[in-house]
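Asker: Keeping their order, the protein sequence lines are chains A and B.
Under the numbering used here, think of the first position of the first sequence as 1, with each following residue one higher.
Under the numbering used here, think of the first position of the second sequence as 1, with each following residue one higher.
Hints are not guaranteed to be accurate.
Claimed, not checked - Derived coverage of chain B by chain A (criterion: at least 3 residues anywhere in the stretch with Cβ under 8 Å from a Cβ of chain A; other residues may be distant):
1) 21 to 31
2) 46 to 60
3) 70 to 78
4) 95 to 104
5) 130 to 141
6) 192 to 201
7) 363 to 370
Rather than coming from a laboratory, the hints here were simulated on the basis of the structure.
The model shown is predicted, which means the values in this text are computed figures rather than measured ones.
No residue lacks a Cβ here, since even glycine has one placed at the ideal position from N, Cα and C.
There are 2 protein chains.
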Amino acid sequence: MTRKIRLGAFLPGGGQHIASWRHPDQPADGATSLDFHKQLAQTAERGLFDAYFLADNLAVGFGGAREGGNARVAGFEPVTLFSALSTVTSNLGFIATASTTYEEPYNTARKFASLDLISGGRAGWNVVTTTGDPTAQNFNRDTQLPHAARYRRAAEHVDVVKQLWDSFEDDAFIRDKESGTFYQPEKLHESDHRGEHFQVRGPLNVPRSPQGHPVIVQAGQSEDGRGLAAATAEVIFTAHQHIETAQEFYRDIKARARGLGRDPGHILVMPGVAPFVGRTQAEAQEKYDRLTGLILEEDGVGLLNGLTGGTLDLRGYDVDGPLPPAPPTEGMKSRQALIRQIADENNFSIRQLYQWVATARGHFTIVGTPETIVDTLQEWFENEAADGFNILPPWLPTALDDFVDLVIPELQRRGLFRTAYEGRTLRENLGLPFPVNRWAGARAALQAAE
Amino acid sequence: MTRKIRLGAFLPGGGQHIASWRHPDQPADGATSLDFHKQLAQTAERGLFDAYFLADNLAVGFGGAREGGNARVAGFEPVTLFSALSTVTSNLGFIATASTTYEEPYNTARKFASLDLISGGRAGWNVVTTTGDPTAQNFNRDTQLPHAARYRRAAEHVDVVKQLWDSFEDDAFIRDKESGTFYQPEKLHESDHRGEHFQVRGPLNVPRSPQGHPVIVQAGQSEDGRGLAAATAEVIFTAHQHIETAQEFYRDIKARARGLGRDPGHILVMPGVAPFVGRTQAEAQEKYDRLTGLILEEDGVGLLNGLTGGTLDLRGYDVDGPLPPAPPTEGMKSRQALIRQIADENNFSIRQLYQWVATARGHFTIVGTPETIVDTLQEWFENEAADGFNILPPWLPTALDDFVDLVIPELQRRGLFRTAYEGRTLRENLGLPFPVNRWAGARAALQAAE
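Only chain A is shown next, with the shape it has when bound in the complex (with noise of 0.2 Å):
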């Protein structure tokens, strides 16, 4: 069977760009309003994509914008939501973000193995360690947890889940109403966890769906971040704005998964892209620019701001003049002068840069015809960059609506993306193998040895 390119599809329904809010297409109550919700859904499973992806915040989120001019305040929990959505789709997988920091792993898994049982196999879960202060102080803590402690607690925190998704094995349930078994006692397992963070006795009291687990996710780029993502993950989303970071970053996953034994093709590499889509170069721009010019001058001086943690503090300055010279800070130095960077590198105003950052807030952007888009994502997927992409429409539902009609056709007549979906699991789709219930396989390595 030919590769093909994997599709993600991040669809917050309070849209991706800072000013989508405003844009005349979208429903200024999208992000709590399930029918919107519904609605992207069936968008997704009519483009084929794989998943719907979202993240999530364990605390009002910082918008990018002036106090109330954030249109992501405040919305759903994703595995609730998707368990609803769920029920309004078919194929399409659903991958929900939840913390390893702020949650117990008996709940972690739990939710995720309901939400994968209620969706019949379509569920992924995004691992995050979950940053910031304001979450810490929402969780009876002053302070986050440093770095590297937050990535210990959350590669056992992983372990500790995946040992639960296997306390029943796939043929425990035998339901015979004649004699009255119901399961097999012998195939349900305690996993008697006992770590430096958690002990947890399980079993879990859900019992495995179609798809074994739910598919593991991450987004990690920091050293922590790719040492976890390379031993545990089966997805991994990313931001480039250029294909050679992504290539770098690509190979350098792909080699410590092999180091650790693990098939690199199980591993699928996912960088974020947000387009602007036209029929022609003209219209696309035209996109580009009728939503830009959505940003309030206020909101975009204070996302440049918020993004560099209020050490570029632009107030006062002239919006189409250049960016002023900042003294160096001891806080947020690398994200300070990235900033600066993209400023220098593109000539940019004020105005111009926080039109660009605004987009999506660091991904890859491109504004184009579905054939210079598919030019691009075919060259990254061919060249060792990516094995599928997740896209951010800039807007919703309208830049949703113009990927799944005007490039998902263009990339199907390459050869490069389904016609149709191969199964009804988010792990067939993704092609990625059915985990093998630790038990039975033990068992049947023991059977095998003897």
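Based on these hints, arrange chain B on the given structure of chain A.
Answerer: Then chain B, alone, in the frame of chain A:
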């Protein structure tokens, strides 16, 4: 408006009665079938029930049978399940159980707020402290917290959750595209809670639903449980075999609530009832006999052993003979005494005893015609024993269908039950007041005083 009976439906897909999964009517895989749960929800809505109610365990629960004979060993997590079921219903409420001991208030507040938003204001939270060492062992402990400590934590947990549910005032969201004002910052509030168990800054990143807060439900019978219920519950599920004890409980709860300055009409007491309905008494008895005849001896004896914490080991005794004398033991004294009392009062053999106990594990079982059943419900309702009932159909879907098709019309004929839903939210249907946002309320009080 005349006072009406409120009805909850307790519908575990695996069935209520210990042998219900062996009944020919009941799908053996009901516990893990989404389609079966959808059918149950739609039947409950056809019957105009106020709410679908589910208990919960954070461990593989005691199913009352041999190992291998427990059909409730695994299933869905209730909040994710109800989120899916809310999409196939319009008026039915959903009361999910969640633990104050093994979850963090921010997560509890969030998942119920999200379910409430998804369902359009139809969520309820059954607050439990969760007993048992096996559960504690899934959450980093060897043994459970003492009873009083669990209840202190529960009271604070509920308090924090209710604070978080008020993070946004009801009119906080302007969503004015023209001005770019999405919400009014002055109508978003931090709770900044610092208590014995929790430190939670807030705000919650989910807005209030159409019913303001999910409905708070409880089921505690102990002194601590009654205290917590009187202080915070809006619906109380309770278990009574006789009208006299139900009246004692009802009057005590209402008096406690009044003592705390609450309107006793805003705490609905709903005892559990397990009905076997027949067009004739003989038909009802036949249904009872058929279901109880499906209990395997080994499961029935196991149930008695389990309910008494292993202190009443009946293996080896003649099941058609009397309950043997047993030495007094330290553990589970009161439960052992209750079991013995039921046997003595009714002159039950061991078999008759486990058959009686198997139906609804301590809830009130009625075997009768629609008329005699409604006679009983009416007597309880009109004599300070109940504001409504939590119906526990012993097997599914038939016993639920029987109740909807035969008992509901009789309740309606006597003017005791609604003929159409009064509103769209659970709170409206239960006749419970809309909880004024504490910040808006405080401001209004201040303005009135000036």
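Asker: Hint by hint, note whether the structure agrees.
Answerer: Here's how the hints hold up against the structure:
Figure legend: the segment 21 to 31 of chain B, annotated as covered by chain A; annotation consistent (5 residues with Cβ-Cβ distances under 8 Å, at least 3 required). Residues of the segment 46 to 60 of chain B lying with their CB closer than 8 Å to a CB of chain A number 4, which satisfies the three-residue condition for coverage. A stretch counts as covered by a chain when three or more of its residues have a beta carbon under 8 Å from one of that chain; for the segment 70 to 78 of chain B and chain A the count is 7, and the coverage holds. Evaluation of the coverage hint for the segment 95 to 104 of chain B: fulfilled, as 3 residues show C-beta separations to chain A shorter than 8 Å, against a requirement of three.
A stretch counts as covered by a chain when three or more of its residues have a beta carbon under 8 Å from one of that chain; for the segment 130 to 141 of chain B and chain A the count is 6, and the coverage holds. Residue count for the segment 192 to 201 of chain B with a Cβ under 8 Å from a Cβ of chain A: 4. That meets the three needed, and the coverage hint holds. Restraint check on the segment 363 to 370 of chain B versus chain A: 0 residues with Cβ-Cβ distances below 8 Å, three needed, restraint violated.
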